[in-house]
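K.L.:
Protein chains in written order, with this note's numbering: chain A, 1 to 306; chain B, 1 to 492; chain C, 1 to 1026; chain D, 1 to 144.
Please note: incorrect hints may appear among the correct ones.
[Said to hold, decoys possible] Have a look at the derived ranges for each label pair, beta carbon to beta carbon:
{"no.": "1", "chain 1": "D", "residue 1": "G69", "chain 2": "B", "residue 2": "N8", "range": "38 to 44 Å"}
{"no.": "2", "chain 1": "C", "residue 1": "L444", "chain 2": "D", "residue 2": "G69", "range": "38 to 44 Å"}
{"no.": "3", "chain 1": "C", "residue 1": "E565", "chain 2": "B", "residue 2": "N8", "range": "53 to 59 Å"}
[What the hints assert, rightly or not] One side only, chain D facing chain A, incomplete, derived with CB under 8 Å:
{"no.": "4", "residue": "L68"}
{"no.": "5", "residue": "M79"}
{"no.": "6", "residue": "E85"}
{"no.": "7", "residue": "D89"}
{"no.": "8", "residue": "G95"}
Think of the hints as simulated: they come from the structure by calculation, not from any bench.
Glycine included, each C-beta is placed from N, C-alpha and C at the ideal position.
Listed below, chain by chain, are the residues.
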Amino acid sequence: MSDQARPRLSCEWLHACAGCEMALLNCGDRLLGLLDRVSIVHFPLLMDHKYGDRAGAGFDLPRAEIGLVSGGVASREQLALLRTMRESCKTLVAFGTCATHGGIPALRNQWTVDQTLRTVFPEDEGECSSAFDGSSFLDRVYGIDEQVAVDLFLPGCPPRPETIVGVIEALLAGEQPQLTEKSVCEHCPTIRTGKGQRTVRRFLANAEYDPGEPIGSMRCLLEQGLLCMGPVTVGGCGGGETPLCIRARVPCRGCYGPVRRNGNQLLDMLNALASNGIDHRAIVDRRSLLRFSGAHGLLKPPEKRR
Amino acid sequence: MIYETKVNDLAEEFGVHRNTIRNWINSGVLPAQEGPGRRYLIQWEDYKRLCDKYNREPRFVPDVAAAGESAAAPRSPVSAPVPVRLGVKTNPLHTSPALADICLTCGSCAGACPIAGVDDLDPRKIVRMAFLGLEEELVASGWPWKCTLCGKCEAVCPMNVEIVQLLRQIRARCERDKIPAAIRKGVVTCLEKGNNLGIPKDDFLALAREMGEELAQTSCPGFVTPIDARGARLLVTVNSKLPFAEPEAMTWWWKILYAAGESWTISSEYWEGLNWGLHAGDYSAMRTIVKRIIDNIERLNCTALLLPECGHAYYATRYALERWFPESLQQFKMYTVFDLLLEYLNEGRIRLDPASQTKLTTFHDSCHYGRHSLKTFGHGYFEEARTLTRACCTRYVDLVPDREEGYCCGAGGGAWADPFGAERVFHGRIKARQIGASGAKLVVTSCINCRDQIRFSLNREFNLNVEVQFLWELVANALSMTPQGGNEARHA
Amino acid sequence: MPERTMIGAVLVVGGGISGMQAALDLADSGYFVYLVEKTGAIGGAMPQYNKVFPTNDCAMCIISPKLVECGRHPNIRIMTLSTVIDITGKAGNFTVRVLEHPRYVDPAKCIACGQCSSRCPRSVDDSFNIFMAKRKAIYIKYPQAVPLKYQIDPEACIRLQHPEKCGICAEICPPGAIDFTDLGREHDLRVGAVIMALGFQPFDPGKTRAWGYGLYPNVVTSLQFERFLSPGGPTGGVLARPSDRKPVQRIAFLQCVGSRDRNRCNNEYCSTVCCMYAIKEALTIKEAYPEVEVTIFYMDMRTPGKEFERYYERARTEYGVRFVRSRIHGVEPKGNKGDLRLHYINAHGKQVEETVDLVVLSVGLETPDAMVRLAEKIGIHMTPDRFASISAFMPVHTSQKGIFTCGAFNGPRDIPQSVIGGSAAAASVSALLNPVRHTQTRTLPPPPEQDVSRQEPRIGVFICHCGTNIAGVVDVEEVAAYAATLPQVAHVARNLFTCSQDTQDLMVQQISDKGLNRIVVAACTPRTHEPLFRKTLKSAGINEYLIEMANIRNQNAWVHGQEPETATAKAKDLVRMAVAKVRRQTARKPLRIPITPSVLVIGGGVAGMTAALNLAEQGYRIHLTEKTTQLGGNALHLYQTWNGEHVPRFLKELKEAVQQHPRIEVSYTSTVAAVSGHVGNFTTLIRTGSSRKRTIDHGAVIIATGAKRYIPEEFEYGKIPKVVASIEFDKLHMHNETRVANGKSFVFIQCVGSRTQERPYCSKSCCTHSIQSAIKLKKEAPSRQIYILYREIRTYGQRERIYNQAREMGIVFINYEQHGPPRIRRADSGVLVEVWDHVLHRPLEIRADMVILAAATLANPEAVALANMFKLPLSKDGFFQEAHAKLRPVEFHVDGVFVAGLAHYPKPLEESISQALAAAAKAGRLLARKEIALEPNIALVDPERCDDCALCIDVCPYRAIKLAEYRDSEGTLRTTVTVDRVLCKGCGICQGTCPKRGIDVAGFTTAQIEAQIDAALESPAPEGAI
Amino acid sequence: MNREPVILAFCCNWCSYAAADLAGISRLQYPGSIRIIRVMCSGMVHPEMVLHALNKGADGVIVVGCHLGECHYIKGNEMALARAEIIADTLEDLGIAAERFQLTWVSSSEPERLAEAFRAMSARLCALRAPATAEAADAAGEEA
């Protein structure tokens, strides 16, 4: 298929780490097949592409059928870039949890820009600080859907490579990509009885299990008293198999974001604990439960709290 | 600790008149110092003593005293009185369960009794003591004599404990030389000389004739005091207090009898209309005195009897007749004052002019005619009294409460004659309050004790400023003495 | 009686709570019931009350569902304004002549619109409000009356008195229901049994002037006061002095007015309920007006019932109600401003005079003369206290076979005892008429139900005027116009009374005419009226759950009465919310499961045996487990009942009857080891002896595990041999042991272990028991000295007679409440008891040959395990906690489990027997249905959302949620969350827990709640929002 | 515009909803901006519903259950109590005033208590608004 005939794929990254892009590249043989079917018109991580007049009115991005945007929106520049992406792409995919829910960078939302800057670049530690006046920062880190309309949410930190390719392939085929709407627990094989511990164990504590036995013979980590975010986190990391962290016999960290798009992982998790009579106040930093989904106004700086 | 109060407040607290409080202060019964602003300063102990005397809950309790007074606190064995041993002796007062056993100890009687608390006793305690066998203590106590046997306690008792009967039994059990002198003397004199005051026969007859003549001159032409008139229908007794102290009071009845054209007589012997055997708990005396009346009726061939002045006399006589001489009641009719007056009124034998009395008038029920009669004989003379009173006045008001629930004047049961003046006045405070509250200016009653207590004692002690009349005095004054054809004829 | 002549119908005389309960139990057990009521509406006395003790429930609210249930039961025929004239025939086949007095209003036509009443020119005193308010000559007894049909008071009606005059009501009555020519009718009813629930009348204190009733306006009876407190009463619930409408500062309650009195009346008995209702009224005042001083003057506070003592204590300590032990002799006015004076003697023996604003006379209960005459006519023996004469062993049987009795006609009693009596009478009738069960009843087949699940919602909105209750405040027309604009609303109607029978018919019509498939009723509260409308939907052929109510009366018009605009706006919001919710309503079907027709009775005491025997006679198989080796339980220690009946003889007969009954199987030395299943289908593991186990299937269970006795630690018990507990004494006494035989002086000490801080409850039967023992001792040898040291003598009801008898015999009663408990010392040849006298306030010393301690009754410690197995609550004192202290006294919230006897609370024998019969009635009523329909408002798992995270499992209080294993299509073993439809009660705790909306209670789904929230906040933009 | 604060009240079927009915029977008055949503048990209310209501513009949310120990469903109100803590925590995280959410207990016989809870919450929310209103007025003044 000629470059002209192939559907165009545009990839942009905002407040992100490149992990999602790496995941896309990590999909092995299927990448080759994909490259045959799409024309990558924009992908800053892979190839140099001029943005046009950076200082002037805006960016100049190629039009594309599919746009992948990773990372949340943290600066005015990223916002402008995102808007341009939206205009230039037919189908816009929020790519990875930073894009869908702010991700790790949105932990910043607990503080004001000023506080963040002063913490990260203390004034007495060299001249770097002066380079950032903060004026280019937005007041907080946004999920991209807070700023523009998004057609598809593909969460994950990073999303599973096979899923990424599957989504793109589905879009190419004109189908609605099938992503699970259920939680991590759906494919978690651990033994659940509904009778859990009444306390939350320290994060550093290990799960109890027999290393010789399969995962399926291990007791549910939450019921063991480990703070497993599985029930409130949307699944998909295991691709229909045992979720990744569980495979490593560590509790889910919640990296796919809330199980329902508008859900609140913190609230749901605390509610789950409280309803089961577990002392939720034992959690050292409860807001860390929003470590992947602090956008959408769920994390706020302290002075705004009345 | 000083209790600071005003005379008014203290009077209200104890339910007595301020004059009484002043009397107490002046006489030293209640030591008090005059303080600023017309206040009196009273030592807590003195105030407490007064409260104890009338067994009233003190209104003012200093914190220090309260701490030591807590009733719930266990009493130390050292200060505790010697326990009463129960079940040791059998109880001779214990003649019937209705006298005490059935008592619920509910306190109704003690709450109703106007002198409950005096001497730290009340009807409930009396009943309880009788029940628990503390008879000697009871008999030695002055309380049964301070009690007017008004029967308010009995009327309210849900178990119908016969408290008055019990008290009479206690009175009866008292050594004769221990009972109040006046009562003892009255009974003895009556038995010996025919009347309580020992008025000689000649003196009485002379006085009766003289009063009759006066009456004939003033309002009843042709009236002659009928003495020993054989064959007269009605035998009328005379309360010895009247010829002794206020002879003209006899003539009110005479005037009515005259107006009604009654055929009546007074006996020259044993004309006494009192029967203090009842008060003394001396049933034998009571019986003797009643027997004399029966003898008089038989001797004079009368068919009806009237004891005109005194509630207790009617009651005692009726009681004795029913108990010891039931056959006599078949032979003659025993009238109450009300029965007779109503009969005259209803038969048109007398006519009454209400306009003769324009003061606001009330009627005070005698315990014996009212409550006791109701209880003992099945009928209390409540409505009759009011019908008659209303017929003689333009404005009438009831006392509240009255009738069966009425309060004793404070002088019943022989108390008018007894030496317990303070208690009598204290008892009368409720009557005084009632009269005051009614606004009546004229109190009508049917018993000489009641009249005297209200007229002489309560009027003074409580500044009542009311006129007190006998019912028949009121009736006599209201009589329309228009010439009635038959009157003279019948007398002739 | 040959079975073929028996009749499967029952006459219940009296429409009070007891009669209603009997009627409902019988009608549901397969018998047709005629419920004859002498007034124009059923309900009896309860609708007049403001609240009920000790739950403080609103009386009207708890009784109204029962009223409605009676009103619409296909097998209950309510005959109002009717009296029984004569009963002939015999058990199984009676003919009853009933006189139905004219109502002058055709109930079939009357729509209760109230126009007649509003136009009626004649006002008379309203007896429902005890003459403190007026009603018209044409009236309904009370607004919630069943049947809700107007009636004409012929005495008051101008037209009926003067045929040429008035007649306005007939002219304006829209359906033309008024008929001045109505005549009385006589009916001859053929029934198999009769239940006399004739009720009581309050004592009339106006018979004597002492209390000032009728003389001073500020003296009222407790029932009048109840009306004052009632929001529906003459003052609208505002407390004010009748004389001058001034606020009240001081209130005095005078107890025992018309009770325990042989002087001012002839009611020697205790009316049982007055202490508690006085406390209740006092509490109600204190809650509403804490500054008001409330004093209760009493002789003995009689609070022997369950939770009564705590109620009393709470009134005293928490609410500051003052209790003064002194009977008030009378009430006098003070001044002319309406104040009242009380003079009394306080506990210390001191004189006290007090002024109060209001005196409430706690009037007693008595049987109306007409009822006494009726009883005489049909040959029912009466007690000297003019109540039906009943045996403690057969507490609902009259002296006439086949005629039963219950409620206050059996002696003064409170609501739960009346309810228990009603059920007990029903059980006894059920046993008698079992052969002809279901012969007179009818079942109406429900119309076929159309499937609306695929239809677009077509919502019908019915907006109620509720007379003027709603329309007087809310602009109903505006609301209706607004409702019509809402999406998917296909029809809007306004009704004067949406709940009236005619509107129901109209609704059915409109549902079919307009093709409605979801209904919103904007009216009162779903708590009372939803069942009614559900039934209407059902008869209209659509699923009964496709309804939502908008509460625009109780929660709108009534609470914003002064703000019509606000109320109208709110009504619109509420309608919009209801529409939003009903749109998402789905059809539901109750789960019907067959019932195992047998009953497990746990405990072989009198309660257990009575229940077992009755149910066996009703035709069910019974398994009775007894943990010891013999039947009899605590009654084995009893000698006689309060009225002198011989217990051992009764017990022997009962045991034999139980042992010989073919349908009863008894397991001795047996206990319950495990329980599974649910109402209708329990499976219970019984352990017999140490090892043998067996499984029993049963549809219901009756817990009658009894109680145990307290072993005293006080009063030198166990140290001095002459100090014994009462139960031991009874044995010694029965055998005339030398200590008893030679004894000259006996001291009984009451409340040993009861009414303490540790056990703040009264053991209820000890006063009666000690007095009986004392009387027996005294009868044996009148010279014996007998002392009963007590805190409160609680010979409630007609037991007061034996208290009176005891005193009359010279038994000494000494109250040790004030001065502390007696001191016991060993003496040379006996025991020295020192106690202070409560009247003389002096110490007394008694040399006793024996001291008998009335030891408390304690909860059976084994109840805990049983409660856990059946998931039943226990009270703080360890007794089983019934579902509702007033109206569900033998049931639990767990269906199919019932309680009777001492397991519930300490009580005397006849109350245990009554309760056992009541429990049998409930079990029988359940089994008679043959299958059970379970409420479908339960949690449902959405398999689309649920991912088996198991968070909901542990939160379920009923353990209804489980992880079930299954193999998926590929054969892998997987788990899934399942809800047990029977165990689930629909609380939605799971729903509140689930992070993914994977589980929802039908009818209250998260989506519905969310829709309601959205609809609520959809109103015109909240300008100036915070 | 001086609007009364809009409050959503989740009332459990057995106690508080019954009390709300009784408040009507007793003719108690409370602010007209209360909207009651009937739930079977206070334990049915998911914290998300509270947040949802506040996000949708409710000025306050009150959850009313049976008194502790008196839950019709044994422990639903304890559940609500535990959730109230996390709701409070979450509101803090979201910078929403704690006054906007309240959990309280009312038995079916305590209509006055319920009405008082409604009145008190409304008053609290008004008080909360007062400074904001002042600010708004200032702002309006500046604009002018």
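K.L.:
Next step is simple, just say for each hint if it's right about the structure.
P.N.:
Each hint, compared with the structure:
{"no.": "1", "hint": "D:G69 x B:N8: 38 to 44 Å", "verdict": "55 Å, violated"}
{"no.": "2", "hint": "C:L444 x D:G69: 38 to 44 Å", "verdict": "42 Å, holds"}
{"no.": "3", "hint": "C:E565 x B:N8: 53 to 59 Å", "verdict": "57 Å, holds"}
{"no.": "4", "hint": "L68", "verdict": "14 Å, violated"}
{"no.": "5", "hint": "M79", "verdict": "6 Å, holds"}
{"no.": "6", "hint": "E85", "verdict": "7 Å, holds"}
{"no.": "7", "hint": "D89", "verdict": "6 Å, holds"}
{"no.": "8", "hint": "G95", "verdict": "4 Å, holds"}
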